[in-house]
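Use the sequences and the hints to build the structure in full.
Protein chains in written order, with the numbering used here: chain V, 1 to 219; chain E, 220 to 1031; chain A, 1032 to 1503.
For the record, the hints were derived by calculation from the structure and aren't laboratory data.
Check the hints yourself; a few may be wrong.
To be verified - Quick list of in silico lysine-lysine cross-link-like pairs, DSBU-like style, CA-CA up to 30 Å: (1) V:LYS39 <-> V:LYS16; (2) V:LYS39 <-> V:LYS147; (3) A:LYS1308 <-> A:LYS1080; (4) A:LYS1080 <-> A:LYS1065; (5) V:LYS36 <-> V:LYS16; (6) V:LYS147 <-> V:LYS16; (7) A:LYS1040 <-> A:LYS1222; (8) A:LYS1280 <-> E:LYS647; (9) A:LYS1065 <-> A:LYS1335; (10) E:LYS308 <-> A:LYS1160; (11) A:LYS1080 <-> A:LYS1040; (12) A:LYS1280 <-> A:LYS1160; (13) E:LYS402 <-> E:LYS355; (14) V:LYS34 <-> V:LYS16; (15) A:LYS1235 <-> A:LYS1222; (16) E:LYS402 <-> E:LYS309; (17) E:LYS309 <-> A:LYS1080; (18) E:LYS355 <-> V:LYS72; (19) V:LYS36 <-> V:LYS147; (20) A:LYS1424 <-> E:LYS355; (21) A:LYS1080 <-> A:LYS1230; (22) E:LYS402 <-> A:LYS1424; (23) A:LYS1424 <-> E:LYS309; (24) E:LYS360 <-> E:LYS402; (25) A:LYS1222 <-> E:LYS402; (26) A:LYS1065 <-> E:LYS308; (27) A:LYS1424 <-> A:LYS1222.
Stated by the list, open to error - Output of the computed footprint for chain E on chain A, the stretches with three or more beta carbons under 8 Å from beta carbons of chain E: (28) 1284–1296; (29) 1420–1432.
By construction, the Cβ of each residue, glycine as well, lies at the ideal position given by its N, Cα and C atoms.
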Amino acid sequence: MGVLAEFLKGLAVTGKTMIRTIFGDGLVTTQYPKEKRQKPQRFHGRHVLNRYPDGMEKCIGCELCAGVCPAKCIYVRGEDNDPDNPTSPGERYGYVYEINMLRCIFCGLCVEACPTEAITMTTLFEFSTTSRNDAIYTRETLLMDEKGNVPHMFPEDPLIEPKELLTADGWVRATAPAGMAAYEGVQMWQRTAGPADWSPEPSQDEIDATTGKSEDGDG
Amino acid sequence: MTSGQPEFVTITIDGREHQVLSGEMLITAAEDSGTYIPRFCWHPRMTPVGMCRVCIVEVDTGRGPALIPACMNPVSDGMVVATQSDVTKKAQEAVLEFLLANHPLDCPVCDKGGECPLQDQALSHGPGESRFVEIKRNYEKPIPISDLVLLDRERCILCDRCTRFSREISGDPLIEFFDRGNKTQVNTFPDHPFASYFSGNTVQLCPVGALTAGPYRFRARPWDLLKVVSSSLFDTAHPRIEVHASQNEIVRYTGVDNDATNHGWLSDKARFGFEYIHSEDRLGAPLVRRKGVYEATDWAEAIDVAADRLGLIRDESGGDALAVIGGAHGTNEDAYALSKFARVALGTNNVDCRLGDSLSSHFLAGTVDRATIGQLDDADTILVWGPDLKEEHPTLYLRVRRAAQELGAELVVVHPRATGLDDVAFRKLTYRPGEGFDLVQALDDGRYPDVIEALDADNVVALIGIASHADGPHVAEAVAALVRARRGRSDLLPLNSRANTYGALDMGLAPDLLPGRVGVSQEGVGRLRDHWGEVPSVPGRDTAGILEGLISGEIRGLLLVGADPVRDFPIPALAEEALEAAEWVVAIDLFITDSTRHAEVILPAETFTEKEGTVTNVEGRVQKLNNIRPGPGQTRPDWAMLDDLAHRIGAPLGLSSAEAISKEISTVAPAYVGVSWDLLEWEARDGVVVPLEGESQLAHIPVAVATDGKRENGLSLHVARTMYDDGVRLRHSPSLSRLALGPVVLVNPLDATALDAVPGDSLRLVTVSGEGRFEMVVDEGTPAGTVYVPFNQPGATALGIDSAVEAEVADA
Amino acid sequence: MSTPLVVTKRMTEYPSDSHTIARYEATGGYEQAKRALGMTRDELVGEVKTSELLGRGGAAFPAGVKWGFLAPERPAYLVVNADESEPGTFKDRQLLERDPHQMIEGMIITAIANEAHLAFIYIRGEYPKPARRTQRAIEEAYQNGYLGRGIFGSDYDLDIVVHLGAGAYICGEETALINSLEGERGEPRLKPPYFPAAKGLYMKPTIVNNVETMSNIPHILEMGGEAYRDLVIALDTGTYMISLSGHVKRPGNYELPHTLSWRELIYDIGGGIRDDKELKAWIPGGASAPWFVPDEHLDLIVAKEACALAGSMLGSGAVVVMDEDTCMVRAAERIVRFFSHESCGQCTPCREGTTWMEMILRRIDEGAGRPVDLDLLIDVSDGISVGLQWPPKMTTICPLGPSAVSPIIALRDYFRDEVQRHVDLGGCPFELKSGETRARAPSSLAGAGPEVRGGSTGSIPSDRESAGEGSS
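Structural data, given as C-alpha cells:
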C-alpha cells in the first residue's frame, strides 16, 4: 500500500513535467548548446591573464600560482622587463605562462595566491580540444588583449557567446591580502603592483542586503 | 682557557638549565640548546657586530634583567635568559617592524622570496601587521655593482654582512656604507666596481634580496628547485656546493658550510660556472668524421669506428703506439675506468692526466707528509711558494688569508709578482721567473734570516706549486726539500690547478702510477694481476713525451679525454703539430675544442651534475658528487663508453656501474681501502682524507736538484694562470667568459717608460716558442724586469715556457 | 648668593685676555702641571677620586673612577671630547675660547696620571673660533716647553693633536668619537667589550673626558681633592656649568653650585620667562633628557640624583626653557628630527625608528594626524627604548636612539591633550590661534632617493616632496 503510494507520488512528478513540457512553456531540459543557463557569479571557468588599464600586463612572473597549484599544472618563468619598453610594472614579467587544462582542477588557488590579481577565472567552460597539446594554454591564449577581450581558441565556434569573452574579470579573490577579516574588501595593493582598477568584491553581508537572497543556490 | 679541556657553564634559558661551552656566544649556545634567537647580521663565520638588534634578549647576569644582543655577549655562569618575556618580544617585534618599515615588500619579484630570512623571521618573530603608513625610502633599483652582482638598496636592511665579508674574509673591501641615518646605504666607491673574485658570496650571505646574482636573476623560485650536494671542480680544493636545478636546468650553485674545505665560501668561478652545462654547443650525440665533416651517429657505430682502429693499431704496433691524455676533469670512477682501459685494453702506460705544467706525479700523489687544509688553522708559519692562490686556488686563498689575518700564522709568500695575499704576509719575496732555484739557494745560505726563522717554527705548512711556467717542476721540489730540512714539523701541500688531477693521479692516470698511489713496477703490476691481468710494467711517456711520440710517428693513436692540449699545454704549437700528425684520435669531451677537432670520433661526455662519483681534492679528501639532471641527448658517463670500447677491442673491463667501480677501487687501490659511497653519503658527508688507514705505498721524498738558473739580462717573461681564462668550460659560460682579461701584458711603469710605451699600446712579445701582440697594462705589482702575460686568454697567442722575451711597441 | 667660581673665575675676572698664556701664567697657571710631574699615578688618580668630580660630558660618571679603570696595556691615549653637539649646550665653547690653557693644563695632568704621551682634542667642526684659540694656546704651550719632548724640562713627552670633527652629533659619543679619530665611520662601538678605558683608540686603553672635566682638574690639584669636594656642600661636588637658553630673560652660561632648585635657576638666575609668560616645560639636560614640567619638578634640586629620581638627567647642563605658547608637538618634532638626522644608521631601531617618529610627529603637526597616532608614536618609541623609562632599557647600540624618545615621554605624561587637540583641529592650535604660519624647516627625510613616488595610503601633504628650500 505504502509502496504504491510512494510510486504514484513519484510518477506524479513525471506526469506534471510531461504535461508542462507538452502544453506549457516551461521546458525543464535546458536545450544546451542552443540555450545557456545563467552561470553562478563565482563560477570557476578557464583562466585569463589580466592587464592594467594602460595595457601593461599584471603578471610579474612570480610563480606563486605555480607554487600553490595542487595539480601542478602551471608553469611560469620570469624575465627582466626591458626598462624602456616594460611589459609589466616593476622589474619582472612572466614571459612563459602555461596551464595544462587537462590537469587543472579549477580550485582557484592560483587566483587566491596571485599578488597582483593577474590571473583570474572567467565563466567560460567550453574548451574541449582534439589534441592534448591544445589543452596546454600558453601565454598567448591566456592573456587578454588590450581592449580586455579574452582570446579563445575557436572564437568562431557557434557555442561561444562573444559577450562572455568580454567578462574576463569574472571574479577576484575573496580573501584580503592581509588575510584578516577586518581587511575584507579593502584594496591594499600599492604602486608595486600597479593600481587595480576594479572595486573589490562586496562582502557577503552586502550581497545579502542588496539581493535579499542567499548567494548559495541550492542550500 | 688555560687548558685544552673545554669548560662548561650553566645558563638558564626560558626556565630550563643548560650546560654550555664557556666563552660561546649566547646566540649559538641557545641554538645548540634548542632555542632559536632570530638574527640577521650575525654570521657564524664572521665577527659579530650587533647591528641589526633583532637578537636582543632579556638577560639577567645578577644585576637585574637587561636587554643585550645575543650575538655579542658570551655566556657566563648563572646567566638567566628570557627569550619569550614581554620585554624581549616587544624588542624583537619592534626591530622587525622597523626593518620592514622601509622594506619595499616586493617579495613576488624578489629572487630571495621563498628563502628569505627576513620573510621567515618576520613570520616567526614579527608583529604580523605593519603600522607604517608613510612614504617608503626610494632608490634606483637594481644597480649592477659588478658584472655578476646587482644591488637593490631599497631591500637592504644594512646588516653589514656583505661589507664585512669583503673586509674580513675576501680582503677586497670594495663595498661600504655611505651616508648616514635613514639614508645609510651600501654602495661601491665611484668608478670602482665590486670586482672581487668572491663577490657571489655576498649574494648568498645577504639576508634579504638586496644583493642578487645576475646569472640567477629571475631564473627560478626557491620552491621549484631541486637541490643536491656536490663539489665544485673549478677549484682543486673541491669546495662543497649545493647544485640547484629547476626543470632539469642548473640555475645556481650555493656554498655549503663545512669545516673541512671552504667554510661555505665560493669563488665566483666556482659559483657561477654552470652555464656551460646548458651551452648550445654541447655535444649531444657521438660524432664521426666522414669526408672531413663530422656527422652525428649512434653509439654502436661510433664505438665500432673508434675501437676498431685503436685495436688495429694495438695489434699492428703494440700498446706503445697508443696513448691517453686527460681524465682530470672526470670523477675518480671515470679516471679508474680510463686507467684500466689504457693498461688492459690498449696495453700501454702512455697515460697522463697532466698537461705539462704540473709538478711530478710522485710529488703530487705521493707526498707522505701531505698537509690537510684544516692544518692551516693551527700553523705557526705558512709558506706559499707557487701560484697566486687568489687566481688559481681561491678556497686555499681564503683559508690562508684567515689563518694569517685572524689566527696569527706568519705568512711567507714567494711569487714573481704581487699576489692577493701580500697584504697579510709577514714577508713577501719576489724573484725573476726562471730564477726560482737561485732564491732557494739564497734562503738555504741564510740570506733571509727572518724567513728561515719563521720556517723553523714548530708547525709549518708549505703550499708549493709552480709559480711561473718558466720555473718547471724542479724548483718546487727544491723548496719542499728546503722546508722539510728545517727544524720543526712541516707539512706540504703540493699544488695543481686542474679539476680532479689528484683523484686522477690516485687512479693511476700518470705514466708511472697505478691506482691507489702505487708506482709502475713489477711489484705494483703483480699486485693488480688478479684484477687487471697482464699489464705493462715499464713507465710510459708523459704528455710532452706523448706529443713528441705523435710527431715522430712512434705513437699512432691517441685518446683525448676532456683535455685540450692545444690551448692548455704550455707550448701549444707542439700540441697542435702532434695532433695534426696523429694517425687516429678519439676524443671524449663536452665540446668540439681546438684539440678535439683533430679527432676522428668524438664521444659526448657528461658533466659532474649528470653523473655520480667521487673526487679527490688537493689534500687527498675524497668527496661524493651527486647527479641532479640527465645528460642532454645521448651523452653517457665516461666509464660506460670506455667499457664499450674495450669490449669492442676485445679486452672487456667488466665495469657495470659507477658504484661497482668504486667498490673495485677500494679493493684494487691501496690508498682507497675503506672508502665507499655509503661512507661518503652517510657518515662522512664532507669527505674523508685518504688513506684512511695504513701508510701510502708511494713515499715521495723531494730532493733539491740543482738547475742552472738562467739569468736573463733583458726582460723575463712570467706566465701564470688567472681565475678567468679561455678554458673550455669558461668559454661556454657567457657570464664568466667576458671577465677574462684578454690578450694583455702587465708591465712595470719603469719598463713601460724604457719601452717608450703608454697604457693601451700594443706590445709585440717574441720568445723562442712564439710571438704575439698584447695590449700593455701598466702595473705596479709586476717588478721591473719582469713582464706578466696571463696564460690562455681569449685571443692571446701562447709564448711557451722559456723566460727570455723581447718586447717592443708594435706598429699600429 | 655667593657662588664660588672655579672654571670661569679667570674669564670673569679678566674678560679681555683670559685666553692668553701671559694671563694664564700670571694667575698661577701651569703650576699644577709641574707639580703633577712629581706625583705618581696612584696619587693623582686618588686625588681626583677623592674630589668626587663627576664627568661633565653628560653621563656624569666619576672621573677618578674612570681613570682607575684604565687597562695596564700601554701605550694609553687621552682624548678630550670637545664635540659639543648637544642642542642647547654651549659651555665648552666658552671654556675653549676664553680659557684654553686651563683645559690644556688639565690635559697635561690627566695625561701624566694616565701615562699617556699622546693626547687628542676632538673639536666639533662648527667651532672654528674655539678651535683657533685652542690651537694657538697649544702652540704657545709648545713654545714654552710645556708640551712636546721633555715637558717642563722633565723626561716626560706629551703631544697634543687638535682634530676637527665633520659635523656628526654621534661623534660626541665616546666610542664613535674614537672611530672618527681613527678615520672610520663615526659609529659607536659596542660596550662591552669596547669600553675605551680597556680598548679605545687603536684598540689601546684610552681616557675620554669632556672639556669641562679637564678644566676642573688643575683646580682639584690646586685645592686638593678634599677641599674641592667640600667647596660647596651640596648633593654633587664642585660647581657646574649650566647653559641656560630658551624663553628666559637672561640666557647664557652660568657656573653654579648644585644647591639651587629649578625655580631659582629659571626665575632668579634666568630672570624669569620672557614677556612674563607662564612656564610650560623645560629640558633639564640637553636635547636627550626627558622634559620637566612646572607642576611636578620646579622645586627639585639641580643635581644628578634628584634628576635621575624624577626620570631625567642633568646631562650636558643645557637647560632649554619653553613658555606657554610653545607647541609641544612641534618642539618634540624638532628634537626628534634632530636625532633622526644625526642617527648614524648603524643599528635598526634608531635608524628606522627615529625617522618613523619624525614622520608621525610631522604629520600631527601638519594637521594630518590620526587618532591612533599618539599611541602609535608611543609604541614606536617603546620599540627603541622599551618601557620608555630613563635611564633607558634600550634596543639600540648607543643612547642616541633612546634620546630621541625623551620628548615622547613628556607628550605621553603631560601633553596628551595637546596632541589630541592637534588631531581634532587638524592643525596646530597655536598656529590657528595666532593666525601665523611658521616656516617649516625641511625634513631630514627629503631627498632620501632620486625620486619620491607617491601612492602610499598615508595622507602626507604634497609639500613634503618639495621640502628642500630653507635650512635647518
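*asked:* Would the hint linking LYS360 (chain E) and LYS402 (chain E) be met if the CA-CA limit is 30 Å?
replied: holds (15 Å)
*Does the alpha-carbon distance linking LYS39 (chain V) and LYS147 (chain V) stay inside the 30 Å limit?*
holds (24 Å)
*Hey, LYS34 (chain V) versus LYS16 (chain V), does the alpha-carbon distance stay inside 30 Å?*
holds (24 Å)
*Do at least three Cβ atoms from the region 1420–1432 of chain A come closer than 8 Å to Cβ atoms of chain E?*
holds (count 5)
*Taking 30 Å as the top limit, are the C-alpha atoms of LYS1308 (chain A) and LYS1080 (chain A) close enough?*
Violated, at about 44 Å.
*At a Cβ distance under 8 Å, does chain E reach at least three residues of the region 1284–1296 of chain A?*
violated (count 0)
*asked:* Check whether the Cα positions of LYS1280 (chain A) and LYS647 (chain E) lie no farther apart than 30 Å.
replied: violated (70 Å)
*Between LYS309 (chain E) and LYS1080 (chain A), is the straight-line Cα distance small enough, at 30 Å or below?*
Measuring from Cα to Cα gives roughly 40 Å; hence the hint is violated.
*Pairwise hint evaluation, LYS1065 (chain A) against LYS1080 (chain A), where the allowed Cα distance is 30 Å at most*: Cα-Cα ~20 Å, so holds.
*Sort out whether LYS1160 (chain A) lies within 30 Å of LYS1280 (chain A), counting only the CA atoms.*
Measuring from Cα to Cα gives roughly 27 Å; hence the hint holds.
*Please work out if LYS1080 (chain A) and LYS1230 (chain A) have their alpha carbons no farther apart than 30 Å.*
Holds, because 22 Å separates the two Cα atoms, which is no more than 30 Å.
*Does LYS36 (chain V) pair with LYS147 (chain V) here, judged by a C-alpha cut-off of 30 Å?*
holds (25 Å)
When held up to the earlier numbered hints, the structure conflicts with 3, 6, 7, 8, 9, 10, 17, 18, 26 and 28 and fits the remainder.
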